[in-house]
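2 protein chains.
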Amino acid sequence: MLFARVTLVGCGLIGGSFAMALRAAGEVGEIVGFDRNPVVAARAVDLGIADRCEARLEDAVIDADLVLLAVPVARTAEVLAAIAPRLRADAIVTDVGSTKQSVIAVARTALGAAIARFVPGHPIAGREIHGPGAALVDLFRGRRVLLTPLPENDEDVVVRVEAAWIACGARVDRIDAAAHDAVLSAVSHLPHLLAYALVAQIAEAPDADLKFSLSGGGFRDFTRIAASSPEMWRDVAIANRDALLKDLDAYRSRLDVLRQWVADRDAESLEAMFVCASTARTRLADPR
Amino acid sequence: MLFARVTLVGCGLIGGSFAMALRAAGEVGEIVGFDRNPVVAARAVDLGIADRCEARLEDAVIDADLVLLAVPVARTAEVLAAIAPRLRADAIVTDVGSTKQSVIAVARTALGAAIARFVPGHPIAGREIHGPGAALVDLFRGRRVLLTPLPENDEDVVVRVEAAWIACGARVDRIDAAAHDAVLSAVSHLPHLLAYALVAQIAEAPDADLKFSLSGGGFRDFTRIAASSPEMWRDVAIANRDALLKDLDAYRSRLDVLRQWVADRDAESLEAMFVCASTARTRLADPR
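Each protein sequence line maps, in turn, to chains E and V. Take the first sequence: its letters are residues 1 to 288, numbered as in the numbering used here. Take the second sequence: its letters are residues 1001 to 1288, numbered as in the numbering used here.
Everything labelled a hint here was simulated from the structure, so no lab data went into it. Keep in mind the model is a prediction, meaning the values are calculated, not measured. Please note that the accuracy of each hint is not assured.
Below, computed lysine to any residue pairings styled on SDA-like, alpha-carbon distance capped at 25 Å [as the list claims (entries may be wrong)]:
#  : chain 1 : residue 1 : chain 2 : residue 2
1  : V       : K1246     : V       : A1267
2  : V       : K1246     : E       : Q260
3  : V       : K1246     : V       : G1131
4  : E       : K246      : V       : E1268
5  : E       : K246      : V       : R1052
6  : E       : K246      : V       : A1114
7  : V       : K1246     : E       : D209
8  : V       : K1246     : E       : E27
9  : V       : K1246     : E       : S269
10 : V       : K1246     : E       : D90
11 : E       : K246      : V       : A1250
12 : V       : K1246     : E       : E204
13 : V       : K1246     : E       : A272
According to the in silico footprint, chain E covers these stretches of chain V (three or more CB under 8 Å from chain E) [stated by the list, open to error]:
#  : stretch
14 : 1146-1154
15 : 1269-1278
Using N, Cα and C, we set each Cβ at its ideal position, and we do this for glycine too.
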């Protein structure tokens, strides 16, 4: 068994799925949960995600071998500050935040020397529904988990976090935190912003009901991520601000060009861009 | 049986699926195909979509009760001009184009008095793969088909086209052509442009391979429509130019506002927009 006691800080979709998978793999003794929302905490116990939940965050991490932070990234600082004095000397802490540089910065401040046992992580998996009821035992099966280890991390600490994710069925890769944030900005954070913006535009239109009623499967695919947690993505947009602004500016410039092509009825330029995109997208493996 | 002879002009995904569904419903005697690409035409016969294909478009429509145009919208004018002199006096013509005002304008010119038997149509169904091999007998089952009948259409002509789509399993609605184009611009044409633009941006990046390799399910959903036929969507963007430019401009303004919120770390405004979008999207039925 990898861990005698694991503490989940945040018992939603990601924390819950991690707990279910680790338990199914037989790699954990006790799972202690904490959630700032007591209804969510109680539900996590009802669902068998956590063996018990503590009402106070500080109490939840006592004697934990591994603490998994699965909270919106803007809450990382306060959570780490609260738990730092109560962590066992050899406790390992990891997180699942969609941005890594911002998390690392606040972790260094909050944890001091204990930063050596903090391994930043990010599973590339999610659903557009959230909460413990959305958790799935196989959410991470075959999915990538990215770790952005710190210079202070001992190799054995990183390996133990890797082992936890491998036990959940994931493929684990290590990547530099800045590279992580730049890549995820382009393939995840920007698309979420674009999808939210399109749905908001239609929702605010006077004929919103007609528009939604005549939307097809393509629209549903394109906008599925716009059902994601507003709080989580609000935090991500701000935490990865610099990379996101860069990608957003490039995208706006691209839309300016595209607009001109449409205005000019420039079929050739439009088709060339569509062919480039279509070729690249077709090459990309698609599980559906 | 609704039609003794149906002619497909264009034997790809949409034309092929229509033929398969109509045949399965027992509502057609013979199906004659034409495709400008002889390989596609031959494949449509091999797949049992068409009973035979004619090498010349003019020959394919001889003695047809119903002619279905399933070609990129920019080809509508030349197709109608070519077939007009060969249509039987009581032949009904319909199309499947994603834009309706542009199709109607060229149809009036090409068909003259025969416009009375042209019923503009648009099935809200598609796949990101195309060609006769992508055709499905149940592509239209439970999906909406929008007809934009003309003042010149006799009611019985419109009813026969409706009956064909109902036989394919679709729900048929009638809508004004301008309203159709405005709605579809917002929920289909603009999203396609946005998805193509995002994939092109990533494909042209120096680290494109890394980015694609670290993209998750949300990215795949968001960009699935970017694998669609470049020729078809090039034509749609130009045919529905005015509505699309209006929506694109509104979207660009929205991104400008969004950019400012990210730059200002305005969590409250970001979250309010995300909540608006997430609420609307969650309310939308999702077949998955």
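Status of the hints after comparison with the structure:
1. With a CA separation close to 28 Å, the supplied pair K1246/V and A1267/V exceeds the 25 Å bound.
2. Note on K1246/V and Q260/E: the hinted pairing holds, with a Cα-Cα distance of about 13 Å set against a maximum of 25 Å.
3. At most 25 Å may separate the alpha-carbon atoms for a hinted pair to count; K1246/V and G1131/V exceed this at roughly 32 Å.
4. About 22 Å separates the Cα atoms of K246/E and E1268/V, which keeps this hinted pair within 25 Å; it holds.
5. In summary, the hint linking K246/E to R1052/V is not supported, as the alpha carbons are separated by about 55 Å, beyond the 25 Å threshold.
6. Proximity of K246/E to A1114/V is assessed by CA-CA distance (about 55 Å); at most 25 Å being required, the pair is judged violated.
7. Taken as a hint, the K1246/V and D209/E pair is honoured in the structure, with Cα atoms around 19 Å apart against an allowance of 25 Å.
8. Taking the CA atoms of K1246/V and E27/E, the gap is near 56 Å; set against the 25 Å cutoff, the hint is violated.
9. With a C-alpha separation of about 20 Å, the suggested pairing of K1246/V with S269/E holds against the 25 Å cut-off.
10. With a C-alpha separation of about 60 Å, the suggested pair K1246/V and D90/E falls outside the 25 Å cut-off, and the hint is violated.
11. Between K246/E and A1250/V the alpha-carbon distance is near 21 Å, which keeps this suggested pair within the 25 Å criterion.
12. Between K1246/V and E204/E the CA atoms are separated by roughly 15 Å; this keeps the pair inside 25 Å, and the hint holds.
13. Restraint check for K1246/V and A272/E: satisfied, since their Cα atoms lie roughly 23 Å apart, inside the 25 Å limit.
14. A count of 1 residues in the stretch 1146-1154 of chain V with a Cβ less than 8 Å from any Cβ of chain E is obtained; the coverage claim is therefore unmet, three being the minimum.
15. Beta-carbon proximity to chain E at under 8 Å applies to 8 residues in the stretch 1269-1278 of chain V; the threshold of 3 is reached and the given coverage holds.
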